[in-house]
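Okay, so the sequence shown: first residue is 1 according to our numbering, each after it adds one.
Since the hints were derived computationally from the structure, they do not count as laboratory data. Hints are not guaranteed to be accurate.
Unchecked claim - No farther apart than 25 Å at their CA atoms in a straight line, the calculated lysine to any residue pairs in the SDA-like style are these:
(1) K119 <-> I208
(2) K123 <-> I174
(3) K121 <-> E242
(4) K119 <-> I204
(5) K119 <-> R288
(6) K121 <-> A194
(7) K119 <-> R195
(8) K121 <-> V190
(9) K121 <-> P187
(10) K121 <-> P139
(11) K121 <-> N188
(12) K121 <-> G198
(13) K119 <-> I105
(14) K121 <-> L212
Claimed, not checked - Label pairs and their calculated CB-CB ranges:
(15) N251 <-> V169: 19 to 29 Å
(16) L35 <-> G283: 16 to 26 Å
(17) F134 <-> V96: 28 to 38 Å
Just so it is clear, CB atoms sit at the ideal spot from N, CA and C, and this is done for glycine as well.
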Amino acid sequence: MTTSTRRRRHFSMTRIIIYAVLIMMSFFYLLPVYLILITSFKQYTDINLYRMWDFPPLFNLPNCTNPALFCFDSFYEAWFGSEAVIGMGQAFFNSVIMTIPATIISTVLGSLNGYILSKWKFKGADVVFPFVLFGMFIPYQAILIPLTLTLRSMDLYASLWGLVFVHVVYSIPIAALIFRNYYATIPNEVLEAARIDGGNIFSIYRWIILPLSPPAFVVVLIWQFTNIWNDFIFAVTIVQNEYQPMTVALNNVAGSFTVEWNVQMAAAFLTALPTLLVYIILGRYFLRGLMAGSLKG
1 MTTSTRRRRH FSMTRIIIYA VLIMMSFFYL LPVYLILITS FKQYTDINLY RMWDFPPLFN
61 LPNCTNPALF CFDSFYEAWF GSEAVIGMGQ AFFNSVIMTI PATIISTVLG SLNGYILSKW
121 KFKGADVVFP FVLFGMFIPY QAILIPLTLT LRSMDLYASL WGLVFVHVVY SIPIAALIFR
181 NYYATIPNEV LEAARIDGGN IFSIYRWIIL PLSPPAFVVV LIWQFTNIWN DFIFAVTIVQ
241 NEYQPMTVAL NNVAGSFTVE WNVQMAAAFL TALPTLLVYI ILGRYFLRGL MAGSLKG
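Required output: the full structure, derived from the provided sequences and hints.
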């Protein structure tokens, strides 16, 4: 047996072991998702602790009011509500109204901050940047009381726009960090040539930096959307009742008087679905953005 053959066999065996470990970890990670799905498609009478891993019944659904291939009663009740469960339909639209503006605004501001801090070094820039990042390391629990008082003084407390404002402010540091590190990979000679041709700070950003930024924008948009959509602590503190997003509504469903596991699982799946769709649709661009240098440095 030649040395190259031994190396190939050793390499193949190593790869098989790595793939086997990754598959086992993925299987373990996806088990809760599987349990959520099969439980949400079951009827309340089909749920049993000893048969919780069983597949939900198909077609033969005599007690189902919204039958298809599976029974969709759990999703209907989770969305529209019932006597025992508060529906999540309004909470979904609250989450959309909160997440989309906060994601877009924080991403744009993060891009501008990253551009200024990386390519237009001003006096004291190396001091300002650590202070910008300082916001990433403050525990949210530590600032809830002063944050609430500040929002009250601004007449933004108990409103969705107050929640949008909070997410924009606390999302800028990580966005600025990602964009700053990405823009650091752009050669300074390109910007110097644009300055010689008469370009100013905004025209260079518009015509040179922005066309090179899609990979970083995808990374930041996915990151911000996921974190803002999944937020609970700000949402449960700042807004109440009709303005609550899905994460708070999910907690209310779980805290209902009647424990309907199928409805709770359907509510959990509906809450997680938007972020799953965003990653499924844009996941490959997210990975490309990471490899393009968005998180380097």
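Kindly indicate which numbered hints from before are broken by the structure, ordering the numbers from low to high. 3 and 10
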